[in-house]
Structures are given as C-alpha cells and as structure tokens.
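Number of protein chains: 2
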Amino acid sequence: MEVIGRRITDLWFTECQTENMKLDLRISNILLNKDTEYQHIVVADTEEYGRIMVLDGAIQITERDEFCYHEMMAHVAMCSHPEPSRVLIVGGGDGGILREVVKYDILDTVTLVDIDKEVIQASRDFFPGVSCGLDHPKAEILPMDAMEFIINHENQFDVIIVDSTDPVDFAAGLFQSSFYSDVFKSLKNQGLLVAQTESPFAESRLMKQAYLEMKKTFKDVYLCWGAMPTYPTGMWTYTIGGKNLNPKTSLRTPPTGLKYYSEAIHKHCFTLPAFLQEIIEQYNA
Amino acid sequence: MEVIGRRITDLWFTECQTENMKLDLRISNILLNKDTEYQHIVVADTEEYGRIMVLDGAIQITERDEFCYHEMMAHVAMCSHPEPSRVLIVGGGDGGILREVVKYDILDTVTLVDIDKEVIQASRDFFPGVSCGLDHPKAEILPMDAMEFIINHENQFDVIIVDSTDPVDFAAGLFQSSFYSDVFKSLKNQGLLVAQTESPFAESRLMKQAYLEMKKTFKDVYLCWGAMPTYPTGMWTYTIGGKNLNPKTSLRTPPTGLKYYSEAIHKHCFTLPAFLQEIIEQYNA
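Just so you know, the protein sequences line up as chains A and B, in that order.
Each residue of the first sequence is one higher than the last, beginning at 77 in this note's numbering.
Each residue of the second sequence is one higher than the last, beginning at 77 in this note's numbering.
Please keep in mind that the hints were generated in silico from the structure rather than gathered at the bench.
Careful: at least some of the hints might be erroneous.
As the list makes no split between identical chains, a pair holds if one copy fits it or if it spans any two.
Unchecked claim - Here are the simulated BS3-like pairs of lysine-lysine, each with C-alpha atoms no more than 27 Å apart in a straight line: (1) LYS343 with LYS193; (2) LYS110 with LYS343; (3) LYS284 with LYS324; (4) LYS264 with LYS110; (5) LYS261 with LYS214; (6) LYS98 with LYS319.
Predicted, not measured: the structure shown is a model, and the values here were computed from it.
With these hints in hand, go ahead and build the complete structure from the sequences.
So this is what it looks like as structure tokens:
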C-alpha cells in the first residue's frame, strides 16, 4: 500500500464537474495517485464522504454514498428480470455492482469486464467494503476491452450492466448505437441493458445521446432516477433497454440489508419530475 | 440597480456547504453585495445556474433549479388539503413559493411574512420570474418576525409553509417545538404545516431535530423528498405536520405548466430510500 500523504489541514480535492462548477472535498490523506495505462487514478480519504476513488478527475465512488449508485444499477434489473442467472458488468472494476449482483441465489455466473486492471486492484487494496464481491465463486473477472468481449458472446446474458466512466476517450464508444446493438445481440431472447446516463441538469446532452442511440436498437427504453450526492447535481439517471422485457415491475423480493433500493423505490424510480418526463416525451416523439 | 462587477474571467462564488465540502460556481457578474439588518445578501450571475441569490453564504435560489424546491414546498400541501383557501408563508421573501400558491383558484388569501424586506426587494429587482406573484391581488406581504405574527393569529390558516434559511441566528427558532406549537394553534381544525428540513446526507441532525420537535405537537408527521441540485448533496427533504389531515393523497389536479411536481410525483415523493425510511422508523420508535 502506497501512502503518499498524512493528515494535512486545508488539503482539498477539487472536481471540475463542468467548466463552470466545482466540488471541493477536504482530504486528510492521499493513498494512491498514479497514471495507469488508461487513466489517472486517485484514492484519498475525505472528511465528508470517507474514502473516495477518482478517475481522470471524476469521483467514481465514495464510501459514504456509493450504495445509492451501485444498488440502483444492480437491483432494478435483477428484480425485474424473470430469471437473471447470467449477468455481465461492463466496467465497474471497483466491484460495487458485482457485490450487489452476487446477493441473488438465482444468479449462476456474473462476468465483470473492465479494461483497467489497476482499478480492480485499487479497489481490492483500498475499498474492502466495495470490492468484497470480486472473489465470489460465481464471479469471473476479466481485465479487457468490453467492446471486444461482447462481439464474441452472442445470446448469452440475461442482464448487462454498463458502469462506464464519463463518455470520453476509451469509454466514448459505450454511449454509441453500435455498442448498444452488440449488447442487444449478446442478450438472450429476454434481457435487460442498464446504463448509467449522467445528470439531466449537468449533462442532459449525454442522457439524450444514450437514450436515442439505445432506442435505435432497443424498441423499449425506460428512464429511472435516484439521488447520488457526489455525482454532479446529485440527481442521477439510469437508462434501461428492454429486449422483450419491461423493467418497471419488480418480480422478486430484494436481498435484505439494502440502504437505497427497495420494492417501493423500484416503483418510484420510474416516476420522473415533470421537466424530465417532458424531455423523454420529446425524445419519443 | 447596483452593479458592482462586469463579466470577469475566473471569478467564482464559493459556498462552504459544510466545514469539509464546498461548491464553486463561475460567475460573470455581481449585481448586489450588501449587509441587510439581518444577513448578508449577494445576487450574482453564474454560468451554470443563471442568476443566484445567496444569504449569509448559502444559496437560496438559482434561476435554473429553484422550481424543484418551490414546487415541492407549495404543491404537496396545496393538492392534499381539502380546501386550502387561507395560506401563510413564513420566510420565502423571494416569492417563489407564493408564485406557486397563487395558481390555485380555491385560494382566498396568502400571507407572506418575511423578517427581511431587503430580500423581498432584491427578488423584485433581480428575479422577476420568481417575485412575479408578490403583487398578486390575493397576496399580502408583511415584512416582520413570523414568530410574533403567528401568536396573534390563532385558528386562521389551512396551510402554513415554512421557507426558512438554515437554522442559525434569527431562523433558529423556526426549527423548535415552541414554534411548531404556535403553528399548530394558528392552523384551523384541519391543516398542514410544510417545512424545508435540509439534506439527510449533509445535515441529518437538522432533519432529525425538525422531525422530533414537530412530533411533540403534531401527532402525524410525514417526510417527503426531491432533487434540488444547488442545495448540499442535491437531495432535499420536506417535513409535513398534519393537523387532522394526511398529506399523502393528492385531492386535486395541480396547475398546468409545472416543471417538477405532478400527481405522480406527489404519490412517490413519500417513498423514501431504504436508509432514510430506516431513520424515520427510528425517530418514530
């Protein structure tokens, strides 16, 4: 474990959330600060949100609120698919979504494909509460390019969860129709694709792009949302493509001990604030 | 209109949201920057959220997201009270909640009591889209201390909405049981009290205080929530005390043209994420 700093007063991590908006978190310690083959990674301890992982300047996880994001990414699909036995996670090398997915007895295998093995290692080293699912007997971890992986795995998955970073550099392809088309093929006859699609306030352009690109392949696309404090604006969207499936109805009782998701939240999360409902109706027009 | 600055590159407004967390917004112009009798007020133009009003360093309204807060504060109560003809707004001198309340034909009179007349004037001067209800024929505007006002108005109001600043200095009393008890008395036999109660992530201590203090007088207390990007963590709570009334059921069609609230949102805003549901159950135990 590489410890670069010790407790220092007035040491801050600053995220440039947009060109015109920044979030600052007071930090007590920097635990990792390096370039990987694909991105820059920082692990630091903050006073407000506990330990955080930052990739290319953007907060990916904080100990205190990661549950909001990881539970929404995993359980909406896992609870609405009739038999989610074969699951693929694209990205998500920290293991947070995996930790949620392996809670289901109905699961047979979950494959996690993340291009950057150093993210996986950083999570193992510094986030035991997040990475704890990575060694689960039903989990297969592949450090490789998901876009290559997926074209060789047609008709294999029940649920595919795309836990991408922001769509720049190597992650840009994960927001494009050709990728969604490959995902569609690699889903079985009935399947669900879940993708994180940013904030409707800070990045509505990206939400729109994902929705419309997904709609080129998936006839039925659904938007849901939740609170996620450390992501820009604190309001986060999740876009779900249904292959002969509608994710709005929960079919099973979720695992016990969850902190964000519940059967009631499942129902709630598809109810959009009026402005967002209107945006989606414009997309569908 | 007092214009202090002109467009300047790299001029920032920074809000210290907690001791360990800050939000920075790039500003192009400072329009007002002064001490009133009660607080410091800043009006500035930001690139991200349009024009903002700041009181004692805390963002009160931004042009771009004020609708989230003002609509939740107004419409949940206005739509669930059987006959909300007499409404009191405590604080809220900017007029945002008032603008929403006067949209109802069933309204007879709305009284706004804000201790600081300079907030009211700043809104008139710089936020025409927010202050536009202040001159409505059904509106009565009183620049005075709401705590004094309320003890002289027993059994008069159907709905009381407490749009307080954070509970420090002159606003601290607005989060205490003696005030809630006075509010209870000034409600008619059936009535609703709505109060903004901060974020469960950044200020759960305040949410707890408001809930428990309110419960000393109101037998039935309800928590609902919504997105509010520029308030700390982006997740905001609203606590409702019911005097012989349950606010969970919407009884009327809301006004047209709303951007956040809808009948569907009314139903779902009382559905709390699991951790928050658990907190409330602990309060009730």
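### Message
Tell me the hint numbers this structure goes against, listed in increasing order.
### Response
1, 2, 4 and 6
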